[in-house]
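Protein chains in written order, with this note's numbering: chain A, 1 to 905; chain B, 906 to 1810.
No wet-lab data here; the hints were simulated from the structure.
Since the structure is predicted, the reported quantities are computational estimates derived from the model, not experimental observations.
A portion of the hints provided could be inaccurate.
What the hints assert, rightly or not - Pairs of lysine to any residue residues, derived as SDA-like cross-links and limited to a Cα-Cα distance of at most 20 Å, are as follows:
#1 Lys1730(B) with Gln788(A)
#2 Lys825(A) with Glu1653(B)
#3 Lys1190(B) with Glu1308(B)
#4 Lys825(A) with Asp1657(B)
#5 Lys1730(B) with Glu460(A)
Stated by the list, open to error - Residues of chain B placed beyond 10 Å of chain A at every Cβ, according to the derived structure:
#6 Ser1145
#7 Arg1274
#8 Glu1483
#9 Arg1607
#10 Arg1722
#11 Glu1726
#12 Lys1730
#13 Asp1742
#14 Gln1744
What the hints assert, rightly or not - Here are some, though not all, of the chain B residues that point toward chain A, as calculated from beta-carbon distances under 8 Å:
#15 Thr1297
#16 Ala1299
#17 Glu1300
#18 Asn1598
#19 Gln1650
The beta carbon of each residue, even a glycine, is placed where N, CA and C say it ideally should be.
Number of protein chains: 2
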Amino acid sequence: MTSPKVAETKGNGLPEKLVYEFGDGRAEGSTGMRDLLGGKGAGLAEMSNLGLPVPPGFTITTDVCTAYYDLDSSYPENLKEQVLSGIQHVEAVTGAKFGDPDNPLLVSVRSGARVSMPGMMDTVLNFGLNDITVEGLAERSNDPRFAYDSYRRFISMYGDVVLNIRQEAGLERDPFELLLEQKKEALGISEDPDLPVEALKELVSAFKSEISEKLNVIFPTDPWEQLWSAIGAVFASWNSERAVIYRELNGFSNDWGTAVNVQAMVFGNLGDDCATGVAFTRNPKTGERAIFGEFLTNAQGEDIVAGVRTPQPISKFGSKEGEVSLEDVQPKVFNELLDASDLLESHFKDMQDIEFTVQQNKLWVLQTRNGKRTGPAMVNVAVDLVDQGMITEAEALLRQDPEQISELLHPILDPDAPRKVIATGLPASPGAAVGKVVFTAKEASEWMERGEEVILVRTETSPEDIQGMLAAKGILTARGGMTSHAAVVARGWGKPCIAGCGSLVIDSTEGTVNILDNSSVQTLKRGDVISIDGSTGEVMLGAVPLVDSVLPETFERMMVWADRDRRLGIRANADTPEDAELAREFGAEGIGLCRTEHMFFGDDRILAVRRMILAGDESSRREALEEILPVQRQDFLGILRAMAGLPVTIRLLDPPLHEFLPQGEEEIKRVSDALTVSPDVVLQRITQLHEFNPMLGHRGVRLAVTYPEIYEVQTQAIIEAACILVDEGVDARPEIMIPLVGMPQELEQIRDLVVNTAEAVIAKKGVKVAYSVGTMIELPRACVVADQIAEHAEFFSFGTNDLTQTTLGVSRDDAGRFLPEYVRKEVLEADPFVTLDTQGVGQLMEIAVERGRSVKPAIKLGICGEHGGDPKSIDFGHNLGLDYVSCSPYRVLIARLAAAQAALR
Amino acid sequence: MTSPKVAETKGNGLPEKLVYEFGDGRAEGSTGMRDLLGGKGAGLAEMSNLGLPVPPGFTITTDVCTAYYDLDSSYPENLKEQVLSGIQHVEAVTGAKFGDPDNPLLVSVRSGARVSMPGMMDTVLNFGLNDITVEGLAERSNDPRFAYDSYRRFISMYGDVVLNIRQEAGLERDPFELLLEQKKEALGISEDPDLPVEALKELVSAFKSEISEKLNVIFPTDPWEQLWSAIGAVFASWNSERAVIYRELNGFSNDWGTAVNVQAMVFGNLGDDCATGVAFTRNPKTGERAIFGEFLTNAQGEDIVAGVRTPQPISKFGSKEGEVSLEDVQPKVFNELLDASDLLESHFKDMQDIEFTVQQNKLWVLQTRNGKRTGPAMVNVAVDLVDQGMITEAEALLRQDPEQISELLHPILDPDAPRKVIATGLPASPGAAVGKVVFTAKEASEWMERGEEVILVRTETSPEDIQGMLAAKGILTARGGMTSHAAVVARGWGKPCIAGCGSLVIDSTEGTVNILDNSSVQTLKRGDVISIDGSTGEVMLGAVPLVDSVLPETFERMMVWADRDRRLGIRANADTPEDAELAREFGAEGIGLCRTEHMFFGDDRILAVRRMILAGDESSRREALEEILPVQRQDFLGILRAMAGLPVTIRLLDPPLHEFLPQGEEEIKRVSDALTVSPDVVLQRITQLHEFNPMLGHRGVRLAVTYPEIYEVQTQAIIEAACILVDEGVDARPEIMIPLVGMPQELEQIRDLVVNTAEAVIAKKGVKVAYSVGTMIELPRACVVADQIAEHAEFFSFGTNDLTQTTLGVSRDDAGRFLPEYVRKEVLEADPFVTLDTQGVGQLMEIAVERGRSVKPAIKLGICGEHGGDPKSIDFGHNLGLDYVSCSPYRVLIARLAAAQAALR
């Protein structure tokens, strides 16, 4: 027996007990000792304590890892005897002996910190094998091929993981894989299982030579030496570069250390009385309570993953014609598994995903964890557990992944159908759609009218495309991020959208789209059928079958709990009466953002809008605005009526005027004809209004400083609409919002204009209207001078989209070119247009809240950017003390849930 | 005698003395009593104390104004007797009597707060006139026309200013002017002086009727009633809307109040022994010490302003053939004026601008103030005063207007030459130029080569235009603000530039530029001659003569004092060895910003740059970069050599790559030929790289995250150049700067890349190079996470241009459309791209400095935006505790001066 390097002391403050045993229906540790035993070790201990058949083993504590570093990479003196005692415990339970030629004990070694952490040492199986014990294994299993296959796998894993041969010897690829390939080639064999035992023996020998040649060390035949090397390798991997970076990024401490788990091997591939499988305590698609899962006879766990053989169902219940279940072939094992399943779910109080192996009719439970599930199952399981008294309503709420709620709202692609993914973009709006490719909004409308289902494929979309976007089943763009025009509009409608799909190059005149790959180009034509999955960003060729979703009734119950527990108000962003009604159905408590510019694009008014923009002086502008006034009033009538009794925040005109002008020669001609002006006049105005950076241009309140009459007429339309409604007995509550304020003087001047206009209308109509005037906070400057701005505002609404753009200096329309890489390279944790950048943007918001409230403690505060529907951002908003968040109607349910979670945390 | 409304108390804490007399060679007040007597009153008192012949009068203190408001618009009880006593004092000195039919005393009434303030009551002259006293005046002056002209002027001023007739009666225009015009029309007279006395009498009567008709009040015939109304009107004007807004904007207190000055009238138009004029104690163009000015015989002050008659010089010295000086015609008065001039300059210790009137051979000094002067005079006067021991060096420095220093550096338009201004833009780069209009950079170069002087007129410029901009005498753009490409480049070169001249519409293919006016269009063709004044923004048709400027030797002396007193270091922004040398000549202590992208545009490398951009993978990119490497190294060799011993901050590539690609079909064809690729490939890449908001796009450090090899090769070029120089014994000190950092991780990753590359070069060359690595702080996010960023930076350089763009959400290239209006409407105090927005951007900078220093107290801090050359921004930088500012070479002198002033303040 080889001895490890041992220090003369046991290290500072190190407790006596360094090793915790488990197995045989009991354990020294438990689930509460996660910090000491790591997640895996604590789980194995807990299962043992529950009396479940866990292969016996022991855990070396995380304390030892810390001591190992303190002691300059040597072990504390009393570790050796405790490890020895651990192995003896395993030997006693299994009856096998470590290194015994006849009945050798084989063990696995795994790392396990308190949290799962990439970069640490992987699993190594089959410690204990050498040229002698392999023969014993062959004899006892009566399967020499199995024994030598296990042996050659062990050597290669050991060489790869423990000895780290590729890096140490500077090899480009795994040398063992190479030898294996050469052997198969020489024998004309294509699959590993076809290798005869002789070939395996030759490989064992070749592998050992490779190790001694490349690393100048001899593969250890002493099982103890093998084991101690592995323990050292686990500890060393704690400080691997990748693990260190991961901890740094996640703020995890280097002092935590990792535990080491040593556990007896069990085999599901020793004959037909053996099996391996995965079981769920419930159906993960529906949440229905009944054991669910699959298994393979005479197989190893990796065979299930590889998918070479078709697994069979565990339970008779729900199995198809011709399938043979575990219940059929091994009823005793099945019943044991059923008991284990019940025990584990009631113990862990959640649906479990259990790995098990059957060795010669004996069930072994290897692992259990909370099972992944669909959205409906997530809700059903939680509510069912509440009904069973196993968890509280608050626990049920906190267990929901709000993002998964969208699976309850949109049709999804049949998870079992094959997919041929041809491109991937950003998952901009959830749900799936199938349709024929069209390239213009006009085509989309025309094809839809003749009964076709289409996907609108564009480089990017603009407000002009609205009709076509509405006509399409789904939208796919080559440019733009999660808050690009296409993404925002689609989410608002609950329509699937993939944005920023960079590999598309669209030629809309030719009617083709080229999909670039590193090596090839695939061309789609107008009319080709594609499927898009807005939840994953995948584009598929052809029609993938769709599955409808329905809201389970359990969901209604859960939302009652959520509404009771949340503090944040939830509003919706809606620009039309239809959207407003939808939002109200989803439970919105008001409109947080009603954009007036979308209204400007309607067919009945765009001409007047354009006439206004082309007007050379104020009086012609006013004339054009007089035409727009009644139409706008009608818009506001509809929205205010739909939200009777609830506040409606209406943002006055925000985008730069050039967005409303026509593009392209033909369109310009058409518009100039309609307006009876020369195309040159239109063109000249387009040129004059062109901006290099429209995001930072002449828009928002700046428009009103230059052309006060625009906001004047909009205010008139709002207040006139409110007066009409109040007269009818409808409780209209408009909140007028002025966008893009950076200087207190802007707001002061324009607020005066708005209030004077409103008061004039009210005085004329003789009706009392409760309205308020506030501003968006969407520029860094507005945040730092929020105290001065608050003097002129009754509410602040954080426009977190623009605030993110300006704070980070990132255009959301262009960011697709580098932001994904930023997230991949971990420069950013998440797309800041999806999840609020709390470190940057969030700090400015904190400044704004603090300064705004210092002047006006009761000022109403909300978020109306896209972040208003993002759970993490909602959590931030809750902690910031905001009054409400506002999001797309389709995210109102998610936001209600997330707000409750934030309050419960 | 009519009594004013008097309160029964004298008001809280009001002192006994409310009226201060002056005149007759003495005064009760003095220059130190500005707060009590207002600026004008204190000045009149001071001149009286000096024994100068000031028309006698008295000042009602600002205390009275405050009391007037406290007492609900009535006067304190003891004011009446003090005003009476003041009038008696004036009567005693002049011998005339207020209201006396034979020898009537006439007085003027003027407001006067401690600072000059628009919106307050203007001067009203000739109080004391009525139907009776006017006859006395006619008799004594022996000039009835003069008397009635004075009378009708008095009534109209009184009606206008004291009674405020236009506003009170809601009139569109001045009713008295209207009557005057009608009278002239009826008599067929075109000029006022041609009106006969009878007509003036009729006007007097008509004016009085107008007042009673329109206002229902009778024009007061009692001089005392006239006087008290005027005093009340002055006090009321203190709270006029305009004055209140002005105080609010400037942070002046409403409690200051205004004083009222009542002063005897003197007349320069009572005959040929009368005169009026303006005298400077020195030549305001050169600063030369000799009385300088002009006068008109038998005239009023306004006649000089009107310019109907040609004024004559005061002194024989310097007068031209045929001119008759005051010295010639009234030598005694001239000598008195000379004495007064000497006295005033030595008393006020600065060049004075003196208004005087001669009434019947008697000199009266009416006002003195510090005289306006040219840049050279400003310097010469201050140094001369130091030499005379009248002021200290610090005082001399503080008196300089740093902006005026640019007048010493650039040719200016002859101030005496006529100008026909056809358009006005932003004064983007000072100095003047004359040349023929060309529309493309190519034309500019070609025309220059054949000996023509040209002005490059473009919608905007881009880095591609550099050669043409260099060839042109001046640059004129239709778009862009004070920090647009054209403006920044031109200032760097000291070349005149007007930017954002919005009325220009350029058709470069037609070769014309249309200048739009409200009513008309003027068309200039290619080759037409224009003159531009980059200091005023004026564009003139034809050639206006130029005057060269030279640095006076006094300036050198002043800069020695400045350098001794300042704490801030001054560096320059320079991209070429020539600029670096120029900057060094101007006294720059290093390069604060060397932009590497300008280097990418040279003819010898742009092709390689484009090949790099078109490259599909890293290895082809590296190939192209290998071509660029030696050329870049050569650039850095030149700059580092020119700045030997001084730090040179080199910014790695910043602009988005599409800026380097060709534009227009022809150019694309040319480039694709040169690169032997298809034009489609170039076009596709251009389309792919297009950005909606390039300012917020894929640029700065983001380029390096995507294409690390670019920064790698740039670093290699810098460090190799430094190694070569150090080897030669030249002290090269590169500071490598990474732009557009917003996230600490960006800097951490890219800093590693830079340091590893640098160390590899240094190890290879075996030479010791002292280099440092830092970052620009130019995003709001960088400011709030400056503590984390500081961990990876040896210096911060505030990129205040971009920080202003992102903090305010304003694109400097587009801002021309609304920023001027913002400044006009006082939403902003100044163009934030010229003078740092201390309230917004400044607060973020304070946060950055505080957080950066909290982690790294010794971190080096500077500004390298355009603000580095702006005096107010330099003052802010000094107070913020920065180490240096960096500006265009041509502004280094200004910055040195401004830094000294900041330190002295």
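So, going through the hints one by one against the coordinates:
1. Lys1730(B) with Gln788(A): 18 Å, holds
2. Lys825(A) with Glu1653(B): 12 Å, holds
3. Lys1190(B) with Glu1308(B): 16 Å, holds
4. Lys825(A) with Asp1657(B): Cα-Cα ~15 Å, so holds.
5. Lys1730(B) with Glu460(A): 38 Å, violated
6. Ser1145: 19 Å, holds
7. Arg1274: With a cut-off of 10 Å, Arg1274(B) remains clear of chain A, as the shortest Cβ separation is near 32 Å.
8. Glu1483: Answer for Glu1483(B): holds, closest chain A Cβ roughly 30 Å.
9. Arg1607: 5 Å, violated
10. Arg1722: 5 Å, violated
11. Glu1726: Check fails; 6 Å does not lie beyond 10 Å.
12. Lys1730: Incorrect as stated: the minimum Cβ-Cβ distance to chain A is 7 Å, not above 10 Å.
13. Asp1742: 7 Å, violated
14. Gln1744: 6 Å, violated
15. Thr1297: 39 Å, violated
16. Ala1299: Hint violated; Ala1299(B) Cβ to chain A Cβ min 35 Å, cut 8 Å.
17. Glu1300: 36 Å, violated
18. Asn1598: Holds - the Cβ of Asn1598(B) comes within 8 Å of chain A, reaching about 4 Å at its closest.
19. Gln1650: 4 Å, holds
In this structure, the earlier hints numbered 5, 9, 10, 11, 12, 13, 14, 15, 16, 17 are contradicted, and the remaining ones agree with it.
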